[in-house]
Each structure stands twice: as structure tokens, then as C-alpha cells.
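So the protein sequences, as listed, match chains A and B. Count along the first sequence starting at 1, add 1438, and that's the number in the working numbering. Count along the second sequence starting at 1, add 140, and that's the number in the working numbering.
Simulated from the structure, these hints should not be mistaken for lab results. Heads up, some of the hints might be wrong.
One side of the interface only, derived from the structure: several residues of chain A facing chain B at Cβ under 10 Å [said to hold, decoys possible]: (1) G1473; (2) W1477; (3) Y1480; (4) I1481; (5) T1485; (6) K1508; (7) E1514; (8) L1523; (9) K1525; (10) G1533; (11) T1558; (12) A1560.
Cut-off 20 Å, straight-line C-alpha distance, at most; resulting in silico cross-link-like pairs (SDA-like, lysine to any residue) [claimed, not checked]: (13) K250/B x L322/B; (14) K1530/A x A309/B; (15) K1525/A x I300/B.
C-beta: ideal position from N, C-alpha, C; glycine also.
The residues making up each chain are set out below.
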Amino acid sequence: MSENKHEIKKKKEPLSDRRKFILNMARGVGLATMGGFIWSAYIDEATASSLLLRPPGAIKENDFLKTCIKCGLCVEACPYDTLLLAKPGDNKPLGTPYFIARDMPCYMCPDIPCVPVCPTGALDEASVTTNGVLDIKIADMGVAVIDSNSCIAFWGIQCDACYRACPILGEAITIEYSKNERTGKHAFMKPVIQSDVCTGCGMCERACVTEKASIFVLPREVAQGKAGSHYVKGWDKEDEKRLENATSKTTTTELSKDSAIDSLNDGLEGY
Amino acid sequence: MATLWNNYRYLILRRLVQISLLVLYFGANAWGWIILQGNLSSSRIFDFVPMSDPYAALQMLAAGAVLSLDLLLGVAIATVFYLLIGGRAFCSWVCPINMITDAANFLRRKLDIDRVQGIRQPASRNLRYWILALSLVISFVMGVTAFEFVSPISMVHRGIVFGLGFGWAAMLIIFLFDLFVLKNGWCGHVCPLGGFYSLLGKFSLIRVHHQEENCTLCMKCKIVCPEHQVLHMVGKESLSVLSGECTNCARCIEVCDDDALGFSIRKLAQNKKTGE
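So that you can see chain A by itself, here it is in the shape it has in the complex (with noise of 0.2 Å):
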């Protein structure tokens, strides 16, 4: 037997140089592919977080992802320990900075110090300046969205908790007054809130005093819809002006060439 295995050993011819190169080539692209696929495939997986909120001025969330350095400069600027960067074990984008409204918001700083220290513009200062000068009331970290169902003051409970904890006050959040059909004497005080003046700060969905929030903050993109570039606002003048560089397409389906009989009558060939 094992004189038989040295025979096949002898046998073998050693591979030719042109053999190993081709060889050795095809391992080395082989493997680089397959380690590349894994590697591509955990990275989509792992910055794959459309939830997370950001800092005042973070870039588009595809861009940040690609221009954040993770340095944390921005963590240890913010005086409230609002932001935290991503730790492995949070399922968010490694290194990242984000925080948690709920446990503690962005208290908006007017003089915004987590801003400037950032050394690559993921966080970007032209975003929250108005004419030079830094401006925290048009941050956009998300948009704060009330879940009517167990928000107390939509069932009639006096509660105006939000109301009062947004720093935009009277403004991103205000308060529709209607009429209590149930008890036919009292008012309904329900917040709604501003869509394009909130800056998805949080303050709000930490004051609520629901056990778990019911006012909470998304990000923009996912909080809010999109009507399509065909609805146009006919009583808007700058909307209208949509209109004056209009085409128009139209298109014609081919009439069918069987009667109409024929087409009821398809398909019942069987009975």
C-alpha cells in the first residue's frame, strides 16, 4: 500500500513554472473575491441604520457615512453628553456619532460647539449658518412625530409637556384648540407639530410623560412622505411656475382587434 502511494508520488510531474504562476494567480484572485464579497456584504449590512439621529450639521446620512473619520471630536464637544459614538454590540454604524433623544436631547447650543471641531465637514458649518453667523434654529437632526393614539392631551388630559419643552417655543410645536364632544364642556389641546421649523431636536420626546414617548423624533426621510413632482399647488404662485417649461407626452394604447364577446368569452375553452 504505501509502496503504491510512493509510485504515485514519483509519478507526478513537478508543475511547470508557467503552471504555478497561473495557479498561484487564480488563488490569489479567488481568494481576494471571496474575502471582498464578505467584506462588501458585512460593511452593507453594518452601515445599514436609517434610524439614528445625528448631530446638528451632519451631511446627507450616505455622504456622512463616507466623510465621518469617527475621531469623536464632536462627542466631546457637546456639553450634555448628548452624543455618543457607536460601540460594537449598538447594531449601528461603527464609530459613528448619533444620540438617543429619549435619554438625552440636543439641547441646541447657540453657539453649536460640536460643529466647527469637526475635521472633515461631515458635520458641515455652512448648514447651520445664516449670514455668517451659526445658526441652531435651522439644524435639521430629524422631525419630531406624535403618535396621537396614546398622546394624553389627544385624549383630553390637559398636558402640554412638549409644548413648553420645545425651544423653538410656540412655534415648532403648537396647539390646536377644538371642542371635547365626549364631555361636551371641555377643549382639546392637541400639539401639532411644524414640520419645516422643528429641528428634531428631542426636547420634546424627553419632556413626554407618557411612559414610552409619544412624541418622538425620526430622521426627515423617514418621518415624512413626498406628494411627487405632478401634484403642483395651483393657488401657489412659485409652484405654478412649475408649469410655464411644461411637455406634454401623449400616448395611445393599441385598440384590441377581437370583439368585445371574444374577449369575455377567453379563457373558457375547458367548460
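Since the structure of chain A is provided, determine the placement of chain B on it from the hints.
This is chain B only, laid out in the frame that chain A set:
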């Protein structure tokens, strides 16, 4: 005591530097110190001088990010710094993973794991350059910094400064990998950041120099060296260690009892002659 210092002086200094850096970074986040803010990816020294990881910037470039002036300045400062003191000085003097892999390597020697495993290493040290190239390709294709999202270096360092999470698992994985799977596995084979600094270190100024006439061929230097291939000249000819893979950890210098190894400044004129 004097011999202890003599045999471990660079090791002690390196640990001191590594730990002080961690303390300074930690203090910045915990107590608002301004000596060294941020982390190894990007820092600010005395709230003024920026310093950024050039490899991270390279991935950002590949991913299609717009590089800011601050970042480029930080990268330039880091690059010049490591060109002076030796590219992979980062690996042995700064990187926190070095303490983990050194510990694994020490235990490997003490337990004689090499003898169980045999000398044949199952991977090439060139693997890191492949991973380096691959990281740039993936950064380009996926539009994110590929290594920065998996890097155990940043995981551990960020973990120590900002909170560890499951970062301890990354530490353990690297320790076990180096101890049981591959000798000098992470730092000497896999790590693309080490690969990057190897390429940078090819041109750096501070070098270990070998004095052949003093050498007694005891080979202690090759036993402790984490990149022993760079010491190919030992006992053969008087030469500086010119490979960028040398980490300037200086373990070889301190274990040498015969004064055959020491730091020197690279002689640029001589190198031109030898073509290096």
C-alpha cells in the same frame, strides 16, 4: 536593576508612551483635557494642531468623500511625523493593539506553541498589502470607508476612550488569533494599517543599524523580532534595516548583548549607492 533597564529600556518606554497616550485621550473625553483630543483616527493636539490617519483619509478619497482642508493638514502632519520617526513606529509605540499582540507573542514563546504548530506559517506576510488594496477597492465600490467599519484598532482605541461595548471581543479575537492561529498574525500579516505604514516607512529616517563585526550570531534579535524577515543581514553584513516592515520597536537593540544593533539616522547618500 541596571541590566533590567538595559534589557527592557525600549519596551518600558514604549509601554509608557502607549499608556500615556491612552490616558491623555481618555482624559480629554472624561475630564475635558485639551492635550490630546479625539482618537487615533483624527486628533487635535493642544486644541490646535490637527493630526489625522492618512490611511483613513485614503479610504475616504476612494469612497468619494470631499476631503476638507483640516483633514488634509492633519494627514500631512501625521505623514511627515512618521516619515521622520519610522513609518511603523505607529505600530509599536502608539497602537493599543500592540500590547495585545505582544502579550500573545510572549505567551506563545513561553508555552512553546511554535513547537506544536511547526514552523510553517499558513499565511504570507504580504497578505496585508492585498488587504490594503482590497480595502480601497471596497471603499470605492461601497462608498464607505471599508476598513474603518471593521478596524479592531479603532474599535479598541475608541472603546477605551468613549466606551467599549463589545470591543473586548475584538481584543480577545486578536489575542487568540495571534496565540493559537498565526504567529504575529494580526500585526505581521493581516493589518492593512500596518501595511500602509510599512509602505510609508520605506522612506523614513530613523533606522536600526546592524554592526556585523560585533555580532556573535546568538540570534536573540531574530527570536524577539515581530518582523524577523527585516533582520536578514544579521551576522552577514553591516547594514541598516531598510525594510519598511520594521516597526522600530527596538526589541532587537535591547536584547543584543554585543552592541551589534542600534538606532541610526538613515544615510541618504549611501542608500542612493546601494539603490535602496
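Taking the hints in turn, this is what the structure says about them:
no. : hint             : in the structure
1   : G1473            : holds (6 Å)
2   : W1477            : holds (6 Å)
3   : Y1480            : holds (7 Å)
4   : I1481            : holds (5 Å)
5   : T1485            : holds (5 Å)
6   : K1508            : holds (5 Å)
7   : E1514            : holds (5 Å)
8   : L1523            : holds (5 Å)
9   : K1525            : holds (3 Å)
10  : G1533            : holds (6 Å)
11  : T1558            : holds (5 Å)
12  : A1560            : holds (8 Å)
13  : K250/B x L322/B  : holds (16 Å)
14  : K1530/A x A309/B : holds (17 Å)
15  : K1525/A x I300/B : holds (11 Å)
When each numbered hint is compared with the structure, no violation occurs for any of them.
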